[in-house]
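Colleague: So the chains spell out like this:
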Amino acid sequence: MLLQQVINAISLGGIYALLALGLAIVFSITGLINFAHGELMTLSGYALLAALMMGMPLLPAAITAVAAGALAAMAMERVAFRPMRGASVTSLLLTSFAVSNLLKVVFQNAISARGKPIAMPDWMAGVVPIGSFTIGVGPLISIAVSALALLGLELFLRRTVMGAAMRAAAQDFNTLRLVGISANRVIAVAFLLSGVLAGIASLLWIAQRASVDPMMGFVPVLKAFIATVIGGLGSLSGAVAGGMLLGVLEVALQALLPPSLAPYRDALVLSGIIVVLLVRPNGLIPAVDTARS
Amino acid sequence: MLLSHPTIGRLVLSAAVTCALAAPSYAEDILIGVATAQTGGLAPYDQPSLAGFRMAIDELNAKGGLGGKYTAKLAIKDTRTDTAATITAVQELVDAGASIIVTPCDADATIAAGQITVAKRIPTLTFCGTAPVLATAVGDNLFGTYPGDNLQAAVIADHAYAKGFRKAYLLVSPDSSYTAQLPEYFAEVFKKKGGAVVGTGSFTMGQPDFSAIVTAIKALPEQPDLIMTAAYEPDFPAFIQQLRAAGVTTTVYGADAIGTATVQGLGKLVDGTVYTAAGYPTPGGALEAFNKRFATTTGHAAESAYEANGYEIGLILDAAVKAAGSTDPIKLRDAIAGLDKLPIVTGTITYAGTNGMPVRAVSLIEYKDGKPVYIATQTPAAADVPAAAH
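Here the protein sequences come in this chain order: A and B. Numbering follows our numbering, with no gaps: position 17 of the first sequence is 17. Numbering follows our numbering, with no gaps: position 189 of the second sequence is 189.
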């Protein structure tokens with residue numbers, strides 16, 4: 001039971017970490033908290049649905065979904081956020097709310113206000129016996145995919161020129177531009193990465209909820225925001241730590257609270273986060289340039 | 001901001017013009033305010049209900065209007081599954097002179113709307129909100145139209161016990177009266193029959209992760225042979241997906257809110273899941289005939305019993321206007337409250353002698369191979385229906 005709950009916590013924490021990273025990577029460079037990140041997930045979800053309906057096998061359909069998320073993120077940056085570059089944090093935040101609401105309405109009117117079922121293949125509902133336990137294939141895939149995505153991102157940031165440029169941009173964007181790196185390109189890549197992360201998180205999210213609807217992105221973006229705040233706004237490793245902590249807290253409280261206290265779970269999780277922030281006001285792992293957070 | 005006198009004058013003038021335009025409708029018309037959720041979480045229920053309701057009103061108007069006399073005008077507003085938006089919409093509709101208000105398929109939104117309509121005792125009918133406390137929570141101008149939670153739960157518990165289930169696990173959410181109370185009503189009847197509840201889990205509506213609950217179910221010292229929940233979209237698909245993904249094959253029962261295209265589309269995941277509805281289109285039956293007519297009229301097939309229920313609300317209003325002979329809200333309220341065995345599509349509906357939740361039959365349906373399969377239609381004896389909880 002304990003082992004299973006640990007796996008549940010890592011699996012959920014991994015998804016939150018991916019989501020939080022998507023927010024953090026854009027915030028670290030542009031100072032924008034993109035609340036339309038959830039709609040990138042929804043869009044990836046609809047892309048997955050469309051691909052599956054056209055008869056694509058799961059893997060190509062999943063790749064299509066992630067690609068759709070990445071392209072949409074870049075388009076979002078080009079259309080909505082580039083004209084707002086240099087605007088105050090509040091203006092950027094409001095712009096992202098506007099984009100988020102606009103996309104929700106487009107999904108409602110162009111597709112359907114109601115959920116569409118996405119049936120996952122049977123093998124995902126299988127279980128792996130480990131001794132006396134059985135562990136679902138779903139959570140294992142979720143953990144593996146999250147780990148691979150985090151590793152891939154880490155390699156990209158550490159081993160490529162663009163990755164180095166992005167890390168530098170997070171610390172001091174103006175100096176980076178002085179040495180001849182294109183601001184547009186760095187920001188576009190940041191959005192691209194956030195779109196890829198949203199797409200992957202969307203797949204894992206849908207594998208758990210078996211349906212996609214226009215409002216689907218709301219809860220995840222909220223969780224991601226909480227995770228980035230606990231982790232330290234703008235800090236990538238902080239986002240991962242924050243996501244994991246949030247996942248562990250949620251699963252632990254769900255597992256441990258007696259039914260009579262269960263309705264207070266969210267309140268308790270948020271109280272826990274307040275305690276974390278009281279002890280570490282800049283988050284678990286603050287960003288290097290703390291002026292941003 | 002300070003306003004100059006001419007500005008204030010213009011404002012007063014424009015307000016006066018607006019009031020004149022929004023004045024109650026003409027003598028031979030009846031204005032029906034429809035404030036329902038066409039988007040958001042309740043859309044799977046309010047969209048089909050509204051489609052059925054519109055069809056009824058169009059047909060009745062073609063025959064001379066409600067009661068054969070009053071042409072019904074619909075003022076339709078989308079509440080976006082938001083309680084504050086529901087209140088605003090209902091207030092606007094009441095101000096516009098609506099004689100009748102139709103509210104979302106949710107008791108909580110309907111109770112909020114009732115706070116506004118209760119003062120003038122405007123009859124307020126929920127599309128398919130099912131909490132049996134509707135009328136007692138606000139006032140006698142509130143009416144349910146769908147079978148109440150306690151009625152549905154009694155029928156489900158009866159069926160579960162008859163099928164040989166003895167140990168149930170309840171999955172509840174305190175976030176709405178439907179998700180909180182219906183499983184409890186079920187437990188009350190189930191225990192009275194000799195069944196036992198071996199555990200209860202609680203979830204937050206919209207919660208993505210059910211893995212901890214699923215693990216807790218797997219670890220129960222006494223394994224349930226049935227899981228009862230009133231969760232609906234998107235929680236129900238998420239729960240059953242994660243339950244099956246963890247290798248738990250225990251049967252899951254739900255209630256009317258999982259009778260939707262989305263849940264049916266889950267295919268194998270919901271094999272063996274039993275749910276309720278106000279009726280089932282048995283071959284040659286009245287509901288099947290209605291569904292055919294609905295498809296011809298609207299151009300798309302009815303996907304649940306909610307279309308028929310929306311249509312039936314039109315029939316209820318027609319009968320009430322006929323009995324009242326007036327569009328006066330209070331007379332209409334009294335007329336609805338007096339309806340006895342009114343023939344509707346799925347059978348009859350009775351308000352006389354009730355507190356606003358109708359007496360009507362409940363159909364049991366089971367998903368098999370991704371298709372709804374009819375089990376039975378029952379009207380439980382009054383003694384078997386649990387009392388409304390507060």
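Just so you know, not all the hints are guaranteed correct.
Below, a list of computed lysine-lysine pairs in the DSBU-like style, where the Cα atoms sit at most 35 Å apart [what the hints assert, rightly or not]:
hint : chain 1 : residue 1 : chain 2 : residue 2
1    : B       : LYS368    : A       : LYS116
2    : A       : LYS116    : B       : LYS218
3    : B       : LYS73     : B       : LYS193
Output of the computed footprint for chain A on chain B, the stretches with three or more beta carbons under 8 Å from beta carbons of chain A [what the hints assert, rightly or not]:
hint : segment
4    : 96 to 104
5    : 215 to 225
6    : 237 to 246
To be clear, the hints were calculated from the coordinates, so they are not data collected in a lab. Glycine included, every Cβ here is placed at the ideal spot set by N, Cα and C.
Colleague: Counting residues of the segment 215 to 225 of chain B whose CB is closer than 8 Å to a CB in chain A, do you get three or more?
Modeller: holds (count 4)
Colleague: For the pair we were handed, LYS368(B) and LYS116(A), check the Cα-Cα distance against 35 Å.
Modeller: Judged against 35 Å, a Cα distance of about 19 Å means the pair holds.
Colleague: Can the restraint linking LYS116(A) and LYS218(B) be considered satisfied, given a maximum Cα separation of 35 Å?
Modeller: holds (29 Å)
Colleague: Please work out if LYS73(B) and LYS193(B) have their alpha carbons no farther apart than 35 Å.
Modeller: Distance of about 49 Å is beyond 35 Å: violated.
Colleague: If you look at each residue in the segment 96 to 104 of chain B, do at least three have a Cβ nearer than 8 Å to any Cβ of chain A?
Modeller: With 0 residues close enough to chain A, the hint is violated.
Colleague: Count residues of the segment 237 to 246 of chain B with a Cβ under 8 Å from any Cβ of chain A, then say if the count reaches three.
Modeller: holds (count 8)
Of the hints listed earlier, those the structure fails to meet are numbers 3, 4, in rising order.
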